[in-house]
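Sequences are here, hints too, so could you generate the full structure?
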Amino acid sequence: MTRDDPFGGEAIGGDAGPGGAARPARRRPVDQAAAHFHNPVHADGDIVAGDKIVHHAAARFAPPVRQLPAAPRDFVGRERELAAMDAALDEVTDEATDAATDGALGSSGRRGSATVVQIHGMAGVGKTSLVLHWAHRNASRFDEHIFLDLHGLSRRNAATPAQALFSLLGDLGLAAGDIPADEARRAGLFRSLVAERRVLVVLDNAADAGQIVPLVPGGPGCLVVVTGRTRLEGLVARFGAVSIPVDPLTTDESCELVVRLLGGERGAREPQAVADLADSCARLPLAIRIATVGLAAGSFDSVAAVVDELTCGGRLDVLALDGDAGLAIRPAFDLSYDGLAPAEQGVFRMLGLLHGYDFGAGSLAALLGVPVPEARRLLRGLVRRHLVEPGTVGRFRLHELLSEYAAERLAREDGAAAGAAARRLLGWYLTR
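Heads up: the sequence shown at position 174 corresponds to 174 in the numbering used here, and the numbers run straight through without jumps.
Since the hints were derived computationally from the structure, they do not count as laboratory data.
Be aware that one or more of the hints could be misleading.
Here are the in silico distance ranges between beta carbons for each label pair [what the hints assert, rightly or not]: (1) N157 / P371: 30 to 38 Å; (2) A416 / G234: 36 to 44 Å; (3) W428 / V393: 27 to 35 Å; (4) A325 / G427: 39 to 47 Å; (5) L316 / R238: 34 to 42 Å.
Where is the CB? At the ideal position from N, CA and C, for every residue including glycine.
Structure (structure tokens):
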């Protein structure tokens, strides 16, 4: 496996031999059963021996899959989101019960399809932490737990559906040589293997709906939870997915997170500084975690000292840990920005001129020098990617840290164009 090819040929995060070729996985009982028959695969993905379908029996010999990473110990808040996920799980239970009794349609009328939940929000807002907290809390309600990072934030390294299916089938016990080469057959085989199981499938960092659709099982006892920075409307259209946006924490939740990370005694000594720290981090969980690390390590003698550092210098420079790109705000925002088309990147940069202000489609049209309908279309795309926040009806704004990031890129890449855009916007206001 290399940094340029994280899938090692096909298996996401799996072993790769010389030249990137996937090495055979460790043989598990299900592998041995499949290899014993060594039969072709039907178009629907079933492994057959004569007229006998064998993969269901073989799968019973494989140990259950338990892949959930550790849940965060200092999780706070998110009662609304957790309640929505609980409701989706109750629907799975109802669907599975109906299908097991008399084959009738479940309460949602979607017999023969897994329930799909999409968790979406801006970078650093805590989507994966939310899912892992909820998943561990409800782990006993599933037979198996599959977790797969789709690397959707990277255009170059995002998993294809075929690669994802290769990894999913390997996770369920099949050796590389027993996995069909064709994507459709892989999808059929995956659906067959999990059809009669209660399986939680967490697909982290999804790029788009096209990456997800082939990975959705047909069994009514399955729940697929997808995380990503983009609202995937295609999942709602195809599967009736439950769409759950994740916003920055509330002020109270942000303060609670600071206190938990620092320890209750230290937080109690400086209540106002704790509130100021949460506010300086714009209530973004990743930013709060980074800001408290220096305190925990003894780099600062007080919470107030960290607040001074954040307010006196560039917050994006302060909110970074040396040697760990995963704990830095600017690289996290870079991934969202790099996923935009060039025209969308230009619009996002221009929004750096509106730092701290909300705006509508009319003012954005003036800023960009485009018709209002075009400005509305561009806004919809940025809202869908959680780079712009909708406010009151017809109004929008950028999260504080994203606004600083946009202004930073604007100054670096569009100095002359920014002046012309500001004059257009001023002229628009003067004529109103």
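Taking the hints in turn, this is what the structure says about them:
1. A C-beta distance of roughly 37 Å is found between N157 and P371, which places it inside the suggested range of 30 to 38 Å.
2. Distance hint check: the CB atoms of A416 and G234 are about 39 Å apart, consistent with the given range 36 to 44 Å.
3. At roughly 20 Å, the beta-carbon separation of W428 and V393 lies outside the given 27 to 35 Å, and the hint is violated.
4. Range check, A325 to G427: Cβ separation about 42 Å, and the 39 to 47 Å hint holds.
5. A hinted range of 34 to 42 Å for the beta carbons of L316 and R238 is consistent with their spacing of about 38 Å.
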